[in-house]
Amino acid sequence: MAREEQALLSTEIVNRGVEPSGPDAGSPAFSVRVRRRLPDFLQSVNLKYVRLGYHYLISHGVYLATIPVIVLVCGAELGSLSRDELWRKVWGEATYDLATVLAFLAVLAFTISVYIMSRPRPVYLIDFACYKPADELKVSKAEFIDLARKSGKFDEDSLAFQSRLLAKSGIGDESYMPRCVFEPNASCATMKEGRAEASTAMFAALDELFDKCRVRPKDVGVLVVNCSLFNPTPSLSAMIVNHYKMRGNILSYNLGGMGCSAGVIAIDLARDMLQASGAGLAVVVSTEAVSFTWYPGKRRSMLIPNAFFRAGCAAVLLSNRRRDFHRAKYQLEHVVRTHKGADDRAFRSVYQEEDEQRIKGLSISRDLLEVGGHALKTNITTLGPLVLPFSEQLLFFAGVLFRHLFPSKASTPAPPTTPGDASAAAPYIPDFKRAFEHFCMHAASRDVLEHLQSNLGLRDADLEASRAALHRFGNTSSSSIWYELAYLEAKGRVRRGDRVWQLAFGSGFKCNSAVWRAVRRVRRPARSPWLDCIDQYPARMDA
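In case it helps, my numbering puts the sequence shown at residues -11 to 531.
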């Protein structure tokens, strides 16, 4: 157990500069930082999670088992007859009467009708819009520290800590923040500031969405809004209904406290409500109020959100009407949700609380990477059987089964014959690049994206959209996966049939995946938050 715990730790020597005072004044100072790594979850997949994923395949196993047999038997029988013999048996020797033919056609038509009506209608993504704040809200890393210092809310140690976080965050110098968080001697987490920030972002995204899709707000039958930390009364969904004067029988929902993965949860809820109610059109709004994530205290675990969270919002229009297929961009294929809230460490890994001075903030635990790794492990082993090619599933499942049945052999790798050879007992790592053409991983931080890339065996190009969104807009919480998809569209990379994997994780602890398939080639949009800078990426991230 101690060896497993040690494997999750990494050490880093940090140069703290020259000691300004004390007995060691003038001498260089160093410190050793011990951090937790993201666990190599593909090396330790638990068999019960694989069973959970294969349940989806087994539930349809009767079709996979019987249809090939029926085709084989019918093919063999028909293959033994010549064309003349087959024609004679069908028309010459058989006898039909009008009643039999009509009854057969009626039963066939009834069966086909019941099958079509009982199937859930596919859910299409017609279009989406991402909020681009005004230029006066841009803040560089240097300006961030300067404004935070002028606000008088932080001591020098807290400012230095946030400066170090910003330097390695992967965020550029053009992300957006509300200026109220830098107001001196004033609380930014007021209902007035929260409503102003949320309404500005939501209404801007919705105005663009309704204009692009040529949809009237009164035509929307389902509305789902998610914002984790700001939940006023009346709710944000009620604020939207009031602003756009939506119809009285709209099914509106407001999701709060569900973290950065709430955007996928909102999509799942909207899909279920469309299929259950037949409402036709659904709008999903994903946002976060940065003024309520801001922490003006001294506890370091609660200062982390200050450096990463930035203003952002996305609005998505969904439809389950068949006539909308021709104007839709994507079709929703799968949603896989994982919740680790039963584990105490996972539950408290992202936790809103007060510090010793009773200042409210969002605390980020040191266990977050490890907790996130276990949640990801569960999620991808459930998702894998749904999306991976059969050859990948077979190799992956055979490796897991071998390690489960012969743990002693699996834990003792054979020596490689050449320096580049892998162990004979090493588990097979599925190639998710064979399942998806595009990846939209939640842009939490540079470290998280690097760990995801190494553990999933992805290329730099696969996470280009995530890194670009983090660099340009920062961590915009639940809306970040939509800024990444907007990046792919602005680059003109999404073609018909391409599959997009959106993966997000958040407090609770939750990890959620959504899989979309492009129903047509998506051309470069005329309106996008990337239009003024898309040609500067990815080169701009290396500058």
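A portion of the hints provided could be inaccurate.
Okay, the calculated beta carbon distance ranges per label pair [said to hold, decoys possible]:
| # | residue 1 | residue 2 | range |
| --- | --- | --- | --- |
| 1 | PRO526 | GLY268 | 33 to 43 Å |
| 2 | SER379 | GLN345 | 55 to 65 Å |
| 3 | ARG354 | GLU171 | 24 to 34 Å |
| 4 | GLY329 | ALA64 | 30 to 40 Å |
With a straight-line cut-off of 20 Å between C-alpha atoms, the simulated DMTMM-like cross-links for lysine to aspartate or glutamate are [to be verified]:
| # | residue 1 | residue 2 |
| --- | --- | --- |
| 5 | LYS348 | ASP161 |
| 6 | LYS421 | GLU321 |
| 7 | LYS200 | GLU181 |
| 8 | LYS479 | ASP530 |
| 9 | LYS200 | ASP312 |
| 10 | LYS348 | GLU380 |
| 11 | LYS156 | GLU341 |
| 12 | LYS286 | ASP145 |
| 13 | LYS286 | GLU341 |
| 14 | LYS286 | ASP343 |
| 15 | LYS156 | GLU181 |
| 16 | LYS126 | ASP161 |
| 17 | LYS156 | GLU171 |
| 18 | LYS286 | GLU342 |
| 19 | LYS126 | ASP520 |
| 20 | LYS348 | ASP312 |
| 21 | LYS348 | GLU162 |
| 22 | LYS156 | GLU342 |
| 23 | LYS421 | ASP355 |
| 24 | LYS286 | ASP486 |
| 25 | LYS286 | ASP312 |
| 26 | LYS286 | ASP448 |
| 27 | LYS286 | GLU344 |
| 28 | LYS156 | ASP523 |
| 29 | LYS126 | GLU181 |
| 30 | LYS126 | ASP143 |
| 31 | LYS479 | ASP435 |
| 32 | LYS421 | GLU438 |
| 33 | LYS328 | ASP256 |
| 34 | LYS286 | ASP450 |
| 35 | LYS129 | GLU171 |
| 36 | LYS200 | GLU171 |
| 37 | LYS129 | GLU181 |
Quick caveat, the hints were computed from the structure, so don't treat them as lab data. What you are looking at is a predicted structure, and each value in this text was computed from that prediction instead of being measured. For each residue, glycine too, the CB sits at the ideal point set by N, CA and C.
Consistency of the hints with the structure:
1. PRO526 with GLY268: 33 to 43 Å: holds, 39 Å
2. SER379 with GLN345: 55 to 65 Å: holds, 58 Å
3. ARG354 with GLU171: 24 to 34 Å: Distance hint for ARG354, GLU171 holds at roughly 31 Å.
4. GLY329 with ALA64: 30 to 40 Å: The hint (30 to 40 Å, Cβ to Cβ) is violated, given that GLY329 and ALA64 are roughly 54 Å apart.
5. LYS348 with ASP161: violated, 27 Å
6. LYS421 with GLU321: Within the cut-off at roughly 17 Å; holds.
7. LYS200 with GLU181: At roughly 29 Å apart (the allowed maximum being 20 Å), GLU181 and LYS200 break the hint.
8. LYS479 with ASP530: holds, 18 Å
9. LYS200 with ASP312: holds, 14 Å
10. LYS348 with GLU380: Distance ~47 Å between LYS348 and GLU380 Cα, so the pair is violated.
11. LYS156 with GLU341: violated, 26 Å
12. LYS286 with ASP145: holds, 8 Å
13. LYS286 with GLU341: Distance ~14 Å between LYS286 and GLU341 Cα, so the pair holds.
14. LYS286 with ASP343: Cα-Cα ~9 Å, so holds.
15. LYS156 with GLU181: Given pair LYS156, GLU181 is violated - Cα atoms ~30 Å apart, limit 20 Å.
16. LYS126 with ASP161: Within the cut-off at roughly 8 Å; holds.
17. LYS156 with GLU171: Given that 20 Å is the threshold and the Cα spacing comes to 26 Å, the pair is violated.
18. LYS286 with GLU342: holds, 11 Å
19. LYS126 with ASP520: With Cα atoms ~14 Å apart, LYS126 and ASP520 stay inside 20 Å; holds.
20. LYS348 with ASP312: violated, 46 Å
21. LYS348 with GLU162: violated, 27 Å
22. LYS156 with GLU342: Not OK: LYS156 and GLU342 at ~27 Å, beyond 20 Å, violated.
23. LYS421 with ASP355: violated, 29 Å
24. LYS286 with ASP486: Roughly 47 Å separates the two Cα atoms, so the pair is violated.
25. LYS286 with ASP312: This hinted pair is violated, its Cα atoms lying about 52 Å apart.
26. LYS286 with ASP448: Measuring from Cα to Cα gives roughly 36 Å; hence the hint is violated.
27. LYS286 with GLU344: With Cα atoms ~9 Å apart, LYS286 and GLU344 stay inside 20 Å; holds.
28. LYS156 with ASP523: Answer violated: LYS156 to ASP523 is near 24 Å, above 20 Å.
29. LYS126 with GLU181: Satisfied, since the Cα-Cα distance of roughly 18 Å is no more than 20 Å.
30. LYS126 with ASP143: Violated: LYS126 and ASP143 sit about 24 Å apart, past 20 Å.
31. LYS479 with ASP435: violated, 25 Å
32. LYS421 with GLU438: Distance of about 17 Å is within 20 Å: holds.
33. LYS328 with ASP256: holds, 18 Å
34. LYS286 with ASP450: violated, 37 Å
35. LYS129 with GLU171: Holds: LYS129 and GLU171 sit about 17 Å apart, inside 20 Å.
36. LYS200 with GLU171: violated, 36 Å
37. LYS129 with GLU181: violated, 23 Å
Hints 4, 5, 7, 10, 11, 15, 17, 20, 21, 22, 23, 24, 25, 26, 28, 30, 31, 34, 36, 37 from the earlier list are contradicted by this structure; the remaining hints agree with it.
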